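Turn these sequences into a full structure, and let the hints steer you where they fit.
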Amino acid sequence: MSAFGASIYALIDGALPSASRVSPSFDALFLALLLTCGTVVIGLAVVILIFLVRYRAGSPAPRPPLRIPPWKLETTWITATTLVFLVFFGWGAAIYARMAEVPDGAMMIEIVGRQWMWDARHGDGRREFAELHVPVNQPIRLRLTSEDVIHSFAVPAFRLKNDAVPGKRVDTWFEATKPGRYPIYCDQYCGTKHSEMNGFVVVETAERFAAWQARAGTGSDAATRGRALSVRYGCAGCHSGDTVVRAPRLEGIAGRPVPIENGQIVMADDAYLRDSILLPNQHVAAGYAAVMPSYACVVPEGDLLDLVAYIKSLAQEQPARPAP
Amino acid sequence: MNADDIPGSVDTRVLNYLNRDYSLRSWLSTRDHKRIALLYLATITFFFAIAAVAAALMRIELLTPQGDLVVSDIYNRLFTLHGVLMVWFFLIPSIPAVLGNFVLPLMLGARDVAFPRLNLASWYIFVAGALLALYAIVAGGVDTGWTFYTPYSSTYSNGNVMAMAGGVFIAGFSSIATGLNFIVTIHQLRAPGLTWFRLPLFVWSLYATSLILVLATPVLAITLLLIMLERFLGVGVFDPKLGGDPLLFQHLFWFYSHPAVYIMILPGMGVVSELIACFARKRIFGYRVVAIASLAIAILGFLVWGHHMFVSSQSVYAGVVFSLLSFLVSVPSAIKVFNWTATLHRGSIRFDAPFLYALGFLALFTIGGLTGLFLATLAVDVHLHDTYFVIAHFHYIMVGGMVMAYMGGLHYWWPKITGRIYHDWAARVAAVTIFCGFNLTFFPQFILGYLGMPRRFHIYPPEFQALNVISTIGAGILGIGYLLPLIYLGWSLFRGAKAGANPWGATGLEWTTPSPPPEHNFDVTPVVTTEAYNYPEGTE
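As given, the protein sequences belong to chains A and B, one line each in that order. Be aware that the first sequence starts at 1, since it is given in the numbering used here, and climbs by one per residue. Be aware that the second sequence starts at 1001, since it is given in the numbering used here, and climbs by one per residue.
Rather than coming from a laboratory, the hints here were simulated on the basis of the structure. As the structure is a prediction and not an experimental result, all values here were calculated from the model. Among the hints, a few may not be true.
[Stated by the list, open to error] Quick partial rundown of chain B residues pointing at chain A, CB under 10 angstroms, derived from the structure:
id: 1; residue: Phe1327
id: 2; residue: Gly1452
id: 3; residue: Pro1454
[Stated by the list, open to error] Below, in silico cross-link-like pairs of lysine-lysine (PhoX-like), each with a Cα-Cα straight-line distance of 25 angstroms or less:
id: 4; chain 1: B; residue 1: Lys1241; chain 2: A; residue 2: Lys193
id: 5; chain 1: B; residue 1: Lys1241; chain 2: A; residue 2: Lys168
id: 6; chain 1: A; residue 1: Lys168; chain 2: A; residue 2: Lys193
id: 7; chain 1: A; residue 1: Lys168; chain 2: A; residue 2: Lys312
All residues carry an ideal CB built from backbone N, CA and C; glycine is no exception.
Shown next, in the form of structure tokens:
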């Protein structure tokens, strides 16, 4: 019997591995639900079958009026049902809250969904398509966004799923606990090739991951791409060179407080840099006119990430002349 | 089950609502709720057939992991067509507009619904919406899924979204009018002595359903209108590139569509209460609790829409609140199942075909409801969301629950509607076939979903093939199960024995008038002196 159980387990585990930090707690909750609901279904089925046979028309079974007052039965099963439901509600909510809380020290990877591919950008500027290399036992913060429609980044082996919503950047996380290749699906219908918007998470040991980084470390990084883009989108025209008449220089801004027009001070974090490209007139740097056009609808999400990376790469540099 | 000793049974050669006038004109201009019910029956059977063919094509496609029968664009159009037609042009009108229209005035002892002309207008509006939806399909189809999620539907889709959304928009007014008609009818046209707590439970469930139809459908209309505005005029509502918010759509859509899920199950619960009471020869256990549970479901059902958005980047706190409310809305449903089971206790059970459908409902609805708990549990939903688990869950509710109840109700009232008896064993075989085929089709989909297979997948990884093949075989059996009633019910129209006023020996005013009923239902307005399901207690 136990051998049978073990082989069933192996079958399920082969089809759906349990490979992340949260997956064991998910599995325990799922199993508890399955056992509870299974017991209810089988119990009801047995009771109903007994009634059907015993109280079939014409059977000799006695049918005296019920002795227990019906309201007692009603109250019992209303209360019991509600209590059981509340247990599962609380249990599920507790794990959900943990799923939403990104642990400190998580490695950040930006994921851009696009019809019909997953575009992953590592912190060091490496890009991957339809594959995502991560080290084992390292919490990974995924920052999800989309360039077109809503997608959903799903890795069943990690019990992980989150929508990638255009116009929003949403964080989720996972920590893989077993090296291997695990399928990524797009779970939110996104058009013609929705069912082909797949990929794999490749979980590797720290050494192999480092080897992969060394191997894959070709091509330009995000900041370099961002520099080229800053010329293409015409940013460089005002934000670089010697002119500070129209626009502030980009060097030394990221991560520092920026005085803005109405006298407030704003921290130049990622969100500020991003908003300053999409909604430049929201927080105009003090001393400048609101002349920059909005780049919303012009710069796709992926390019935006590169531009922000470029500005951040200039954080330690000094502007040629101090900003006024 | 001898019709002769039931009072009110008269010679069926007298004029009734069917043989009064055979002209097409008399049908298309009828204000008789019974004829309008049959107009709906014909219309929704037609749409059920089209949507079922789409499902069959999808199941055949899914026999293999590759996309070999149709290309992706066609597959996407097939599941959209299946969803839109099944939801708006079959399930929502199924029990309310067919069985409800036919039976409600009879159950109340009324001569018709409160607004007979509005009732006919509802059908014409429904047909107009349906024709526009058909046009959208014939002119190239729609590939958004029945949920029309933005910004895909408003900006990116290359299908006839405008026409399809327009069709659903128009059909919505038919729902509103029917809901309004039923509410006023139940308030105003009850026979003398028919107090609220003497009403059959089917009437209670229709009342609860009508409340949802009237209150929720306008929100759908607004939402679809906004999609059309964005798509046609470029007004930014949902697309972030135009300054909109894609999640706003989901909030609006599910504010209608979650209550709409209860439109698609509450009437089924009502029918099942009738069937169980009749074939167990007992008053429904906890009658008042079951009646009030319907209203509780209708009201709480408005507060749970966010459980469709647990992974949409909705806030964690919103998720927690919606999860709690979703568990609470399941309590009244669970209570109903317990009460139906308790009704069988010390009953005197007969296994006629309608009762077999009711038993099927009980089993499948219970599984559908319990798997709903998995999806209401926040952490578990994260894994199961948008997978085949969800598909299996809502098919257990909507097909296993609502369609089983609809078939049960149709078999139960068929002798009343047509005056004829169908072949009993054929009907039992069909009920069992549908039950088996259904489980074989949809149970494997729970496992597929658990293993991670996403919904709306045209091409899928090869490890999911075995379960998909089983599911497709089940769909074949299910299809045969659905074809059987067409044959024996059709046959009964010509060869079936005369039914008499009350072939089941049931209580209820609809059984006191001849089958088929005369045009105005009752020659003399009945007076009600007893509660519903007044079967002699504790005897055979």
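Okay, the hints, checked on the actual structure:
This hint holds: phenylalanine 1327 of chain B has a C-beta 4 angstroms from the nearest C-beta of chain A, less than the 10 angstroms allowed. Proximity of glycine 1452 of chain B to chain A holds as hinted, the smallest CB-CB distance being about 3 angstroms (cut-off 10 angstroms). Hint status for proline 1454 of chain B relative to chain A: holds, with the closest Cβ pair at about 4 angstroms, below 10 angstroms. Between the alpha carbons of lysine 1241 of chain B and lysine 193 of chain A the distance comes to roughly 22 angstroms, so the proposed pair stays at or under 25 angstroms and holds.
Distance restraint check for lysine 1241 of chain B and lysine 168 of chain A: the Cα-Cα separation of roughly 11 angstroms lies within the 25 angstroms cut-off, and the hinted pair is therefore satisfied. Pair hint lysine 168 of chain A plus lysine 193 of chain A holds up; C-alpha atoms about 23 angstroms apart against a cutoff of 25 angstroms. Restraint check for lysine 168 of chain A and lysine 312 of chain A: satisfied, since their Cα atoms lie roughly 20 angstroms apart, inside the 25 angstroms limit.
Violation of the numbered hints given earlier is absent; every hint is satisfied by the structure.
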